[in-house]
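As you go down the protein sequences, you meet chains Y and B in turn. Read in order, the letters of the first sequence correspond to residues 1 to 283 in the numbering used here. Read in order, the letters of the second sequence correspond to residues 284 to 575 in the numbering used here.
Hints listed in this document are in silico derivations from the structure and should not be mistaken for laboratory results. Accuracy of the hints is not assured; some may be wrong.
Claimed, not checked - With a Cα cut of at most 27 angstroms, we get these calculated DSS-like pairs of lysine-lysine:
(1) Y:Lys8 - B:Lys480
(2) Y:Lys18 - B:Lys290
(3) B:Lys480 - Y:Lys13
(4) B:Lys389 - B:Lys480
(5) B:Lys290 - Y:Lys188
(6) Y:Lys240 - Y:Lys57
(7) B:Lys389 - Y:Lys18
(8) Y:Lys48 - Y:Lys240
(9) Y:Lys8 - Y:Lys18
(10) B:Lys294 - Y:Lys188
(11) B:Lys389 - Y:Lys13
(12) Y:Lys8 - B:Lys389
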Amino acid sequence: MFPRPIEKAPHGKQIAYKVALPIALIAWLLPLIAVMMTSARSIEDLNKGNYWGLPEKWMLIENYSEIFRVTPMATYMLNSVIITLPTVVVSVAFATMAGFALAKYNIRFRILLFAIFVGGNFIPFQILMIPVRTLTIDLGFYDTPWALIVFHTAFQTGFCTLFMRNFIAALPNELIEAARVEGVSEWKIFRHIIVPLVRPALAALSVLIFTFVWNDYFWSLVLVQSDEVRPITAGLNALKGQWLASWQLISAGSIIAALPPVALFFLMQRHFIAGLTLGATKG
Amino acid sequence: MSQYWRKNQVKIAPWLFLAPAFFVFALYVLNPIAQSVWISFHEWDGLGEKTFIGLANYEELFDDDQFWISLTNNVYWLVLYMLAPPIGLGIALFLNQNVPGIRLVKSLFFFPFVISQVVVGLIFAWFYDPHNGLMALLLGNIGVDPIAVLSDEDLVTYGIIAAGLWPQIAYCMILYLTGLNSLSPDQIEAARLDGAKGLRMLWHVVLPQLMPATFIAIVVTVIGALRSFDLVAIMTDGGPYGSSSVLAYFMYEQSMFNYRMGYGAAIATVLFLIMDIYIAFFLWRMIRAERG
Numbered sequence: 001m002f003p004r005p006i007e008k009a010p011h012g013k014q015i016a017y018k019v020a021l022p023i024a025l026i027a028w029l030l031p032l033i034a035v036m037m038t039s040a041r042s043i044e045d046l047n048k049g050n051y052w053g054l055p056e057k058w059m060l061i062e063n064y065s066e067i068f069r070v071t072p073m074a075t076y077m078l079n080s081v082i083i084t085l086p087t088v089v090v091s092v093a094f095a096t097m098a099g100f101a102l103a104k105y106n107i108r109f110r111i112l113l114f115a116i117f118v119g120g121n122f123i124p125f126q127i128l129m130i131p132v133r134t135l136t137i138d139l140g141f142y143d144t145p146w147a148l149i150v151f152h153t154a155f156q157t158g159f160c161t162l163f164m165r166n167f168i169a170a171l172p173n174e175l176i177e178a179a180r181v182e183g184v185s186e187w188k189i190f191r192h193i194i195v196p197l198v199r200p201a202l203a204a205l206s207v208l209i210f211t212f213v214w215n216d217y218f219w220s221l222v223l224v225q226s227d228e229v230r231p232i233t234a235g236l237n238a239l240k241g242q243w244l245a246s247w248q249l250i251s252a253g254s255i256i257a258a259l260p261p262v263a264l265f266f267l268m269q270r271h272f273i274a275g276l277t278l279g280a281t282k283g
Numbered sequence: 284m285s286q287y288w289r290k291n292q293v294k295i296a297p298w299l300f301l302a303p304a305f306f307v308f309a310l311y312v313l314n315p316i317a318q319s320v321w322i323s324f325h326e327w328d329g330l331g332e333k334t335f336i337g338l339a340n341y342e343e344l345f346d347d348d349q350f351w352i353s354l355t356n357n358v359y360w361l362v363l364y365m366l367a368p369p370i371g372l373g374i375a376l377f378l379n380q381n382v383p384g385i386r387l388v389k390s391l392f393f394f395p396f397v398i399s400q401v402v403v404g405l406i407f408a409w410f411y412d413p414h415n416g417l418m419a420l421l422l423g424n425i426g427v428d429p430i431a432v433l434s435d436e437d438l439v440t441y442g443i444i445a446a447g448l449w450p451q452i453a454y455c456m457i458l459y460l461t462g463l464n465s466l467s468p469d470q471i472e473a474a475r476l477d478g479a480k481g482l483r484m485l486w487h488v489v490l491p492q493l494m495p496a497t498f499i500a501i502v503v504t505v506i507g508a509l510r511s512f513d514l515v516a517i518m519t520d521g522g523p524y525g526s527s528s529v530l531a532y533f534m535y536e537q538s539m540f541n542y543r544m545g546y547g548a549a550i551a552t553v554l555f556l557i558m559d560i561y562i563a564f565f566l567w568r569m570i571r572a573e574r575g
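If we strip away everything but chain B, and leave its shape as in the complex, we get:
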């Protein structure tokens, strides 16, 4: 035994090192994905027997107005969240200086990302409050009547997205600040000698060097937009009348409040398939970099 171990240690040891991580990950992540897909072909209240119904959940889903509202809202989230990388870059450029106290200022700018989305949601719900909110107060100063953002079907999603952008911009900002720190000074100086400055310099010399930061910023922003749940749950519960729901919240609502596990699983599967496009893209790039 000990002879065998000594001979084959290098072959066996890595599998032992991998075992605990892989076991918990398989149990709580990989297997549940497969199970969810399986459940989506069933009618199930979460307690009794599952009844196999084939694709009926998906057929119902594509006829369900609430599904299309939620999906459309997800698209709004995705598109508007794409403002976070450029705004984050703008703030990073503004803060990338060496004046006294700038380190503290940078950290304070990063604050919104560190605090919980629950707190962000509470803060913004209050900011929008038509009676006492800061927004009503500011609008009042310029003579505009208060707008009840969170109870207006047409505005509510934009209101929640704005709240979500706050921490997301902070995240992108920190990615870009780190990127700006590692710019090659030689290239910048050489470009300066050639007379490049301002936007031209940014576009032709700085941005290409910031590509890795931009890549990560876009990946985390897309994932953040599609995962949006906390803010919707905290600020509106998907209301008014489901107008601010997103797929993640719609799924939660159907499974937890309506006990429709099969239907919920079908919604989750659709969301999962959408996100897989981005995950596959990320993995493809990562593996390519690994091999290259």
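Just chain Y, with the same shape it has in the complex:
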């Protein structure tokens, strides 16, 4: 283990470490802590300029219920769910099939096809913007949830294929070959051998894609425009314009927007990190 475990250090050093740890943590999260505090402040507090001390009066419930009452926050939130969930399911499903094809069959252009999926994943969004917007309008999806669902599904399929192909390539070939000798069809091999084996990867990938899509801002500016379909990221920025002075509401809104990915991260931490670091420990 590196650095040397602190338990083996002199007593004084151990205490110093245990004191430094929470201080470092608070300093690192200071901006976030301030926003949480402000989401519980009263407007009088803010008017007095008490932005960074403890709230004089705790208005936690009032502020959070206010933001749902006076702004379309609930709609934004629901829109984000409507956009994110189908995207996760479909892109992961498409990518599992494509990843299987690229990992376990010796087809032509295998490396080229894989490179296209991987490379497509790193390009700047702006190179897609104008044609995707035009296509979305032509298909009649502009300013509907479909605009974002279909685009995100297509785009995230690239990353998912990279991920699934690497995961499936590491699975042993023997099971597949044995099944083939038995005369099992390719679809059944996929359905009954591959899918059960990739289950851990499915979890990791789903959490990651959920976070990517939930946090998207650019496409929610380009492909939708009305409050009825806006996801929470674009909604939050619209609120900033309308409620300029009401920092307690903007803060509450920020916390609400951040909550689903944070909760998911905590619930599925191991999967999440396995997803992000794929390949970081080998190869």
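Since the structure of chain Y is already known, use the hints to place chain B on it.
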């Protein structure tokens, strides 16, 4: 038919498995890239007819001060973002211990990466606020007048980059924490017996083993720096007077607010070409590892 299928199943099945993914990817990613490049040779307001004008958009672009400001800012982003991997490594080394509660501490350190850049942008815009922001307050304590970071042409880009570094460092930290977890204990112990420790140990024994993590950290950091859009859009809209714009935002502004689709497409093409250098490098390494 069924006979044919049975015979050739192994040849046809993979193409059927690939078809849905490839179809959506071609429709929404590959084809739009080609179309954007094509549009960049035209004058187009997004609604009427396109007029072919050859390279005129590019000629105009290279004479446009705003283009050079944005490109320079992209370079600043790229260079300063390179702080994220070493700082991330530093935090990872600090946190790589087995004291009670350390798992929770690690997760909390990772928080900035999980939350949306919109929220990060709002938080930092407020942090910099010269009237009530925490920074003004802290500066006041040491007797310095508040600095309006986001309305100062010389400071604004650094201010936004600092906000972007926050989640980026968290990302690099988690990559390194995972890397540190899989260090070979034998090599570390052997080096220790030889008397290696501290920085020498880090440089000669630990870092070589962390190469894969470093590679991914640098790739995602470069891509993150060149893709920067959200924070600029949230914190300044490219202002004051375009001084904090980057190519991604400049492109968006030209196409969405000025209805200059051809010009916007030309900016996007330039950004795309710059990023291709890194994408090609990544693919080259990946394919080499695949074959090796």
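Status of each hint after checking the structure:
Distance hint between Lys8 of chain Y and Lys480 of chain B is fulfilled; the C-alpha atoms sit about 14 angstroms from each other, no more than 27 angstroms. Taken as a hint, the Lys18 of chain Y and Lys290 of chain B pair is broken in the structure, with Cα atoms around 67 angstroms apart against an allowance of 27 angstroms. Distance restraint check for Lys480 of chain B and Lys13 of chain Y: the Cα-Cα separation of roughly 17 angstroms lies within the 27 angstroms cut-off, and the hinted pair is therefore satisfied. Between Lys389 of chain B and Lys480 of chain B the alpha-carbon distance is near 24 angstroms, which keeps this suggested pair within the 27 angstroms criterion.
A threshold of 27 angstroms between alpha carbons decides the hint, and for Lys290 of chain B with Lys188 of chain Y the separation of about 16 angstroms falls inside it, so the pair holds. About 24 angstroms separates the Cα atoms of Lys240 of chain Y and Lys57 of chain Y, which keeps this hinted pair within 27 angstroms; it holds. Of the supplied pair hints, the one linking Lys389 of chain B and Lys18 of chain Y holds, its CA atoms being roughly 14 angstroms apart against a limit of 27 angstroms. Taking the CA atoms of Lys48 of chain Y and Lys240 of chain Y, the gap is near 21 angstroms; set against the 27 angstroms cutoff, the hint holds.
About 14 angstroms separates the Cα atoms of Lys8 of chain Y and Lys18 of chain Y, which keeps this hinted pair within 27 angstroms; it holds. Annotation: proposed proximity of Lys294 of chain B to Lys188 of chain Y holds, straight-line Cα distance about 15 angstroms (limit 27 angstroms). Between the alpha carbons of Lys389 of chain B and Lys13 of chain Y the distance comes to roughly 20 angstroms, so the proposed pair stays at or under 27 angstroms and holds. Between Lys8 of chain Y and Lys389 of chain B, the direct Cα distance comes to roughly 21 angstroms. Compliance with the 27 angstroms bound is thereby established for this hinted pair.
Of the numbered hints given earlier, the model fails hint 2 alone.
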